[in-house]
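Asks: Okay, here's what each chain looks like letter by letter:
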Amino acid sequence: MTRRGFVTGAGAVAAQGHGHGGGHEHEHQAVPSDLTLRVKALESLLVEKGLVDRAALDALVDTYEHKVGPRNGARVVARAWVDPAYKQRLLTDSTAAIAELGYGGQQGEYMVVVENTPKVHNLVVCTLCSCYPWPVLGLPPVWYKSAPYRSRAVIDPRGVVREFGLELPEDVDVRVWDSTAEIRYLVLPERPAGTEQLSEDRLAALVTRDAMIGVAKVTVPKAGGQR
Amino acid sequence: MNGVHDMGGMHGMGPIQYEKNEPVFHARWEGRVLALTRAIGAWRKWNIDAGRYQIEQIPAADYLRMSYYEKWFTRLVELMVKHGLVTHAEVESGKRAKGSPKATPALTPAMVAPLVSNWKSATGRDVRLAPSFKVGQRVRARNINPPGHTRLPRYARGKLGTIDRDHGVYVFPDTNAQFLGEKPQHVYSVLFAARELWGAEAAPRDSVYLDLWDDYLEPA
Numbered sequence: 343m344t345r346r347g348f349v350t351g352a353g354a355v356a357a358q359g360h361g362h363g364g365g366h367e368h369e370h371q372a373v374p375s376d377l378t379l380r381v382k383a384l385e386s387l388l389v390e391k392g393l394v395d396r397a398a399l400d401a402l403v404d405t406y407e408h409k410v411g412p413r414n415g416a417r418v419v420a421r422a423w424v425d426p427a428y429k430q431r432l433l434t435d436s437t438a439a440i441a442e443l444g445y446g447g448q449q450g451e452y453m454v455v456v457e458n459t460p461k462v463h464n465l466v467v468c469t470l471c472s473c474y475p476w477p478v479l480g481l482p483p484v485w486y487k488s489a490p491y492r493s494r495a496v497i498d499p500r501g502v503v504r505e506f507g508l509e510l511p512e513d514v515d516v517r518v519w520d521s522t523a524e525i526r527y528l529v530l531p532e533r534p535a536g537t538e539q540l541s542e543d544r545l546a547a548l549v550t551r552d553a554m555i556g557v558a559k560v561t562v563p564k565a566g567g568q569r
Numbered sequence: 006m007n008g009v010h011d012m013g014g015m016h017g018m019g020p021i022q023y024e025k026n027e028p029v030f031h032a033r034w035e036g037r038v039l040a041l042t043r044a045i046g047a048w049r050k051w052n053i054d055a056g057r058y059q060i061e062q063i064p065a066a067d068y069l070r071m072s073y074y075e076k077w078f079t080r081l082v083e084l085m086v087k088h089g090l091v092t093h094a095e096v097e098s099g100k101r102a103k104g105s106p107k108a109t110p111a112l113t114p115a116m117v118a119p120l121v122s123n124w125k126s127a128t129g130r131d132v133r134l135a136p137s138f139k140v141g142q143r144v145r146a147r148n149i150n151p152p153g154h155t156r157l158p159r160y161a162r163g164k165l166g167t168i169d170r171d172h173g174v175y176v177f178p179d180t181n182a183q184f185l186g187e188k189p190q191h192v193y194s195v196l197f198a199a200r201e202l203w204g205a206e207a208a209p210r211d212s213v214y215l216d217l218w219d220d221y222l223e224p225a
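Taken in sequence, the protein lines are chains V and F.
Taken in order, the first sequence gives residues 343 to 569; the numbers are from our numbering.
Taken in order, the second sequence gives residues 6 to 225; the numbers are from our numbering.
A portion of the hints provided could be inaccurate.
What the hints assert, rightly or not - Once the Cα atoms are required to be at most 20 Å apart in a straight line, the calculated EDC-like pairs of lysine to aspartate or glutamate come out as:
# : chain 1 : residue 1 : chain 2 : residue 2
1 : F       : 103       : V       : 385
2 : F       : 103       : V       : 390
3 : F       : 100       : V       : 385
4 : V       : 382       : F       : 97
5 : F       : 100       : V       : 376
Treat the hints as calculated values from the structure; they're not laboratory data.
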């Protein structure tokens, strides 16, 4: 059987799933009736052959759904905001400083943290595939892995972040980090003004995934509001 | 390979589609494909570079059409067949071939937690090797067009940059992806001015950093 035998069918349906925006699930629901069955069949086969342990698969799914995610990275950022010595370690030996908080592992073995300042804005991309710092951000969102982001982040980073609602002044240096090797990048966003009184936990709650990729800034929700 | 996966700098891919409160997986099968890929990866029949190369070999039109985990599913089947873990006939029938031996899973549930806490990388190499370039040195990315796997994107080839930092020694993807040896060498963060990459229209102070191996670079 040729490779095409595996890829036709489901792929053709996905092609019609463009305009996601609000209807993103549409693309994913339109594809898989076929894939649902094929993946299920493959899993059964691999279990039957003794190649995989179903309990290990369950543990993997649970891990990536519930145990890693941007809350980890947010804790790293908040610690750096309140503890200058930690911030120094984070910027000089990022992997070790992140490990101090208990985070590490696959797709985060070699970490580099890059700092945003009033004059420098960092943006992370993987133009060649989907490299992303899993231990601190979890699995990447669909847009990060998509052709529009991957193609344009390096040639038009200002236009890209503008699509996310962020306008960067001309006098700010924009630095794009294309993750072409095994080094993974995390942006240390600027601490927003007016947060001097907040605890580390409250600060961590403000930090978003998007700010740690570099397509947004960390903002403080309006009084009483919850974003 | 000069494939469609190497899309840095391309136009025409449309607007970025942002989904608010995006779930980790959009359907159960996506999570299962990720888990199967990790669990089968534990057999160490191939490496991360071979895995990327396999996805790059999906025909361009399919690559652009398929969803992310659909590409992963395609890759998993292709690599398992190629490395003798399953046959196409087994995948199609969903049944183990008669008389084929039953294995013991390489990845146990107890091994899952360390994957996300203190996994030792399969790509960094703790060997002493003299770097070919120094921090601050001007370099040119080579103009190479290998038909196989490479991590030197087209948009940087032939361009002038500056070594910004030395990340240490890693296996070389171009050979590792095809099981032609690890060829460990230094990887550097190389700074390219946006104007060097994209011309005078680019913002004067902007830059792009790429992580590039010794073999991708020459002195400038």
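Asks: Does each hint fit the structure? Answer for all of them.
Replies: The hints, checked one at a time:
no.	hint	verdict
1	103/F <-> 385/V	holds, 18 Å
2	103/F <-> 390/V	holds, 12 Å
3	100/F <-> 385/V	holds, 11 Å
4	382/V <-> 97/F	holds, 12 Å
5	100/F <-> 376/V	holds, 18 Å
Going down the numbered hints, you'll see the structure goes against none, and every one checks out.
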